[in-house]
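Q: With the hints as constraints, model all of the structure from the sequences given.
There are 4 protein chains.
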Amino acid sequence: MFDKFNDECGVFGVYNHPEAANITYLGLYSLQHRGQESAGIVSSNEGKLRSHKGMGLVADIFHKKDLARLPGKSAIGHVRYSTAGESHIKNAQPFVVEYSLGEIAIAHNGNIVNAQILRDELEAYGSIFQSSMDTEVIVHLMATSNDSKLIRRLTSALMRVKGAYSLVLLSNKKLIAVRDPNGFRPLVLGRIKDAGRDGKDSWVVASETCAFEIIDAEYVRDVEPGEVIIIDEYGLKSIKPFAEAKYTPCVFEFIYFARPDSRIFNANVYTVRKRLGAELYRDHPVEADVVLPVPDSGTPAAMGYAEASGIPFEMGMVRNHYVGRTFIEPQAEIRHFGVKIKLNPIRDIVAGKRVVVVDDSIVRGTTSQKIIKMLRNAGASEIHMRISSPPTISPCYYGIDTPNKEELIAANHDLADINDYITSDTLGYLSIEGVYRAVAESGASFCDACFTGNYVLARPKPPQLALFG
Amino acid sequence: MFDKFNDECGVFGVYNHPEAANITYLGLYSLQHRGQESAGIVSSNEGKLRSHKGMGLVADIFHKKDLARLPGKSAIGHVRYSTAGESHIKNAQPFVVEYSLGEIAIAHNGNIVNAQILRDELEAYGSIFQSSMDTEVIVHLMATSNDSKLIRRLTSALMRVKGAYSLVLLSNKKLIAVRDPNGFRPLVLGRIKDAGRDGKDSWVVASETCAFEIIDAEYVRDVEPGEVIIIDEYGLKSIKPFAEAKYTPCVFEFIYFARPDSRIFNANVYTVRKRLGAELYRDHPVEADVVLPVPDSGTPAAMGYAEASGIPFEMGMVRNHYVGRTFIEPQAEIRHFGVKIKLNPIRDIVAGKRVVVVDDSIVRGTTSQKIIKMLRNAGASEIHMRISSPPTISPCYYGIDTPNKEELIAANHDLADINDYITSDTLGYLSIEGVYRAVAESGASFCDACFTGNYVLARPKPPQLALFG
Amino acid sequence: MFDKFNDECGVFGVYNHPEAANITYLGLYSLQHRGQESAGIVSSNEGKLRSHKGMGLVADIFHKKDLARLPGKSAIGHVRYSTAGESHIKNAQPFVVEYSLGEIAIAHNGNIVNAQILRDELEAYGSIFQSSMDTEVIVHLMATSNDSKLIRRLTSALMRVKGAYSLVLLSNKKLIAVRDPNGFRPLVLGRIKDAGRDGKDSWVVASETCAFEIIDAEYVRDVEPGEVIIIDEYGLKSIKPFAEAKYTPCVFEFIYFARPDSRIFNANVYTVRKRLGAELYRDHPVEADVVLPVPDSGTPAAMGYAEASGIPFEMGMVRNHYVGRTFIEPQAEIRHFGVKIKLNPIRDIVAGKRVVVVDDSIVRGTTSQKIIKMLRNAGASEIHMRISSPPTISPCYYGIDTPNKEELIAANHDLADINDYITSDTLGYLSIEGVYRAVAESGASFCDACFTGNYVLARPKPPQLALFG
Amino acid sequence: MFDKFNDECGVFGVYNHPEAANITYLGLYSLQHRGQESAGIVSSNEGKLRSHKGMGLVADIFHKKDLARLPGKSAIGHVRYSTAGESHIKNAQPFVVEYSLGEIAIAHNGNIVNAQILRDELEAYGSIFQSSMDTEVIVHLMATSNDSKLIRRLTSALMRVKGAYSLVLLSNKKLIAVRDPNGFRPLVLGRIKDAGRDGKDSWVVASETCAFEIIDAEYVRDVEPGEVIIIDEYGLKSIKPFAEAKYTPCVFEFIYFARPDSRIFNANVYTVRKRLGAELYRDHPVEADVVLPVPDSGTPAAMGYAEASGIPFEMGMVRNHYVGRTFIEPQAEIRHFGVKIKLNPIRDIVAGKRVVVVDDSIVRGTTSQKIIKMLRNAGASEIHMRISSPPTISPCYYGIDTPNKEELIAANHDLADINDYITSDTLGYLSIEGVYRAVAESGASFCDACFTGNYVLARPKPPQLALFG
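Residue numbers (the numbering used here), protein chains in the order written: chain C, 1 to 469; chain A, 1 to 469; chain Y, 1 to 469; chain R, 1 to 469.
Treat each hint with caution, since some may be false.
Same chains, same label: a pair holds when it works inside one copy or across any pair of copies.
No farther apart than 25 Å at their CA atoms in a straight line, the calculated lysine-lysine pairs in the DSS-like style are these [stated by the list, open to error]:
{"id": "1", "residue 1": "K90", "residue 2": "K65"}
{"id": "2", "residue 1": "K342", "residue 2": "K48"}
{"id": "3", "residue 1": "K48", "residue 2": "K173"}
{"id": "4", "residue 1": "K373", "residue 2": "K4"}
{"id": "5", "residue 1": "K48", "residue 2": "K90"}
{"id": "6", "residue 1": "K342", "residue 2": "K193"}
It should be emphasised that the hints constitute simulated quantities derived from the structure, not laboratory data. The structure displayed is predicted, hence computed values, not measured ones.
A: And the structure:
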């Protein structure tokens, strides 16, 4: 409904907890913002994996009886976003298969850039594919290896894979967490002390720390780029089998995707977002009467902008959270209707005022245009749009669902054009330098390809000749 | 899930709109915060009323085909809250009946204090009741009158009724809006100019002005206390058939129920809430590092408190809006679990800080206690609870679902006890004088029975003797 | 899907059974053939009635938890058929109301011919109607009486009512069964000995005896025409408060509606149907190779025809019972598709044969036409249609859903025309005398208005003048 | 609910029909008796396969919009039965995968006896399995071949497979039908002349001819044992690539599984069943008053028994077809409840009579026992049980879901014991010679392993040593 990039997944895993499926349910519920299309949980019990998956929200997919059918002390889970066309239960994760070493389940956040090449090659050697997910490639690579050890199969499979992956795997005996060498997507490790009241701790992994809070787990550390963590009855073991690479986590996680209460990449998201707002003021100051966020994602940056500028901050647009599953668009000619389903300005705050509106990003510009019209109808005398990130000019290949370049307004138009299109009085984007000042605390170098077009990993083209002519 | 009073209803009506049912759908969607248990729409077409009702959220109850089955240019709608025990489709409104003058539909926000007495009497004279709603009484009083005019039947019925009622009625020819002489519940009148592109305006009535924004209707004025507005092919007519009474709208609408972007009782809700926060600081200042709201309802008051005090305002707790229909409580021993489903503190904001937490009210105290524990676990060094309303000591008889007096913590405990129970360092409630300073702009006298026990209208006791001995 | 008359209801009641709701569920399940649109159960427990109703089949409406919410030792239930237009949950029965004597639930099989007049009058005196069911009239008549005793209210209400009614009522203390003075619809009384293992019997009433078999109840006797049976803690009491009338049960119950294993009106349905078939042969003999029923309802008559004629009986058409809820009509041009969803001929039985096809009735003729074409395609050399009832020429006013006279093929066409239309080689309907020979065992005089137009009770016309001018 | 063997599947395919998915829907609907657990359809359109599958009945799984999403002129479909434990959407067929030659969909009726060995081997070489279906093995064998032609891959895959398979496959270009060399399961070929009104015919394949009748297709011939039929734009091609084997179709298809109106194995099922009944009388004559079938499957044999014996045939038990999805077992102590949900005797037919009850088979004996008790309660003076097949003593490995040998009453008890257990006065099973006389028309040799233990194909034991030591 909003004009945003969409995240593609959240992953979760727990080892040695008497209520592993329940804990995973809670973890996924906290990660729901990372994907609302489908969700699934797989548990391991007495040498057998069991799974339950469905389309929709975690709290609607899992009922008591479903969780009761997922016994065992280890489990992994997944929430998924995808575009409508590919939305299908067969693409829901975790992906569970049987292969020569037994059963394995895998949950993946990220995107594999050489998936099609690997898929063509695997098919040429006899593999069959049942989904359109690139994740399936990883499992086939593991299956076609002839190593007798699961971990060696996994690492040699991943050595062939290029791209972004924060993975959680579950076998009958082990919980495994892997983060790609560049560490594109977040992945954190936590612990629940004495989870079963038997003196033994429980280990948890999750996309974000917000999944730890709801289950009273303590954050231990990030899973490191290129790290494979293996948890089994002998405890936790860490290996780093891959060639070292530059640590380039996704900066957009700070700007929009992650939950404000999470710590990712060594910094708190909310605090970073406020700093982005403060930097935005430094880049693009303006005289105005009031600063409004586009809620909920623009709120921290707007607060940062207001604090830096001294202009009063107001929650001047109210968001309706009761959207339900199937909102019906009315036929009536109602101006700029789309955004009204979710947002409504407060006339008393806006009327006659010079307004700064802070949002985190502009993708196509359509929502911004509607918001500005709505605020003008509510009586705003001036509207200054401020965006707490640089113009988005390039699609993401590392796990974010972005539109084609043609649809990205900033890829094809300059600032003046965009300002005209969205009808703001002035428009200011945060500079890339401003972003880096705001995230400096993290210490990473970051992937910023969506702003710069500088891709850390090239996307290989499939070969022109048939593979086996 | 939160420890709040619950509103019982929102009403909506539209006359002379080519898409009356669609418009009502949007109106109800905007009033969803006033009731999430059931909803219904009735339209009038060619002398016949048609209705669709269901349990749940507006956006889940109505699908395209349902709205298509509600033709006609007038419609009314209703959203309802009720306690679980009485939750039943047969109590969903609008209530539609056939009686001697034809069909009539009624939607009611409020509560009738002499309903049981009237019901006993009506049954004694032969009426049958199919629901447990007091609204049914009004229709029976209309039906048992022998006046030949609908409006006279309605007004003579209402003369026998004591209590709170903002009503919207629909007959084959008329849309009628009524507000009780005390004007307990809000009810506003609006207009959509040239709605059908035929030069004719459309009239709308709604519980709050936020329902006008989504349909591009302009706010005309409040329906006045004791006013009956009749809209039909001859235009809009207003009568005031009842004895005049003191105008005592519900002050709690400002404190908690109404949506911040609404104007009710001649004032904007958000602005009043910020003032309540400022008054709260005047009543209960404290030295602290940060002011946090309990989101979403406590946010404006916290902003007002922060502005008045100069203490920085932070969105230090994140609310999860993906709750779904059937969240499962885990068995795991997770501390203060209940509130974690919806709220999580941001450690980086809270740790080591002296925190002021602003909420709009405390009902039982259970949620406050959990929030405070959660904040202490996140490292808060001091926690000062500030409530932007006086202690709630008495139940409401005018349309709000309040617990029994025994469950209202402030009805049975003094401030020190409550502070002990919720484990805050200090606790401060806004004084009733502070409330009145904050709502002065409205100019009304207000019902404050929940804070003072001063009931505007007594609740009559059913007679001891049988009615017809 | 088939071109048949549709029954409108089945009723059931049980008194003093530890599992009253479960027993009612089973009873309704056995009466499902009498109505598949909606069903409901009301139980009485500790002075309070509880109900559950839904649209669809009994086995789909009631789940364990629903039955568990219907505690108590007495219950009544209802299954309903109705035409699509009026299909609505608010018309589902039992109908439950509160009135001056407390709560009452009513379940009705039949039709009241003076309902509209009574309804107009009741509305004129202040009653409101919430459904389009004539049953609601009975309850209003009871409510507007000023007698202090339930039974006297009921009998005086029924004295004003003309029409067909087999009723089961439930109050907090009593189970009441009533059959109209003409006894149009069946109603039987049964007993479960020592149902609760406490030495006390349980009483049951039902539309047909087939509902007794599934619950191991013994058939005691028919509820007599004009009889009111009251069952309460003092036992079973019978009164006959109405003026005596001719006993004219519906002969069509024998021909089509009732289940073959039921005993109604003192005869077994299957046996009567076989005799109808034998009489049909006497009326319309033919030389042929094989007798086929239109299954399932035509089977016994076809067997009777075959036995009487000596022509071999074959189940030469197979019926598909897996129809599901929402069969989709294909677009493809498939000849005489409609009936193929349910019926398919066996070529090996039909090819080259002179076939007698026995059905119980013809309403519009469309199904017969399709069946005959289907049989010709399967190679039948001659097709002789035989109908085990006379031509249906008049609609029913006593509880059967019949089409308008214009749609009844036999009301507007003679035998030759119908034979032409359905394309049979010969066509023979059973004579009314043949019907009476077949049902002679019952001893009743029977209503045969659908065949003769002789209505036992006239359908009063609403007065031309307003009731109270 | 009944004590029967369960069939495992029905398959259907259509090539070159403008409404391929609709036609498949109708075909599956006619084959519903072969499997009620899940169903699916895959269509081929512009080089892309699309599928829709679900749990439950065909008419409930497919709605208009689902069929509209299956465009194209070719389609295949499948209905499946399976035991509760393995019931899962991931086992629903057709099975659709992508492999090196593109996409392929497969629908399978039968059972592969060396599936586990092949699976172990395939996994050892890198295949992963996502279901527990043996059908998946066939696709993996095709994928791991390195032949460039689909048909050669299929035939070489099937050369490695032992067991029963009637297969329908769909690629982007071809519809393929295969029947195993022994021809265990039926598979028939049909044609719809000028299906698209463009002069071109449409080809159809189905498990039984009853699927042809509903779509007005003509039966052409059986797919022969060991035959592979390939249908594509160049027309229909037939090859027989496998070593010839004895033609041993499943005799139980005639006894119970197939629909009476179908022709399978060159004979009509209804006619064969009547002959089985006549042979049964020859084997086990008895003096009695009436012959009753256990409906619906026992009806033709009972008619054959009645005709041969001259004892009158009566439909003396009524079957309730309104079972719905979730019938609730009552707690009440109701004698022999289970079978009453579906069957009820007609007292007037049974009371005082010497009854012959004809059923097609006895599996565990529990249903027979309940039926006999029910008939005795209805007054039968003698009950002679006659079974139109020999005692079932061995499980089926060729596609029928049979219980373990321990549960087969006849595997462990002699005739006298069974007669005692089910409490019949006398009990007679048809001899194997009687069966062969009845099916002689077919000309095949038949698999009768369930009666004799003579398995046509041995079930290989997995090797004791690991495959690649």
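Q: Next step is simple, just say for each hint if it's right about the structure.
A: Against the structure, the hints come out as follows:
1. With identical chains, the CA atoms of K90 and K65 are at most 25 Å apart both within one copy (22 Å) and between copies (19 Å).
2. Proximity of K342 and K48 under a CA criterion of 25 Å is satisfied in neither setting, with 44 Å inside one chain copy and 34 Å between copies.
3. In this assembly of identical chains, the alpha carbons of K48 and K173 lie at most 25 Å apart only when taken from the same copy (10 Å versus 40 Å across copies).
4. Taking the closest pair of Cα atoms, K373 and K4 come within 25 Å of each other only inside a single copy of the chain (19 Å); across copies the shortest separation is 35 Å, beyond that limit.
5. In this homomeric assembly, K48 and K90 come within 25 Å of each other (Cα to Cα) both inside a single copy, at 21 Å, and across copies, at 17 Å.
6. Taking the shortest Cα distances, K342 and K193 sit within 25 Å of each other only across copies (24 Å), while inside one copy they are farther apart (41 Å).
Checked against the numbered hints above, the structure violates only hint 2.
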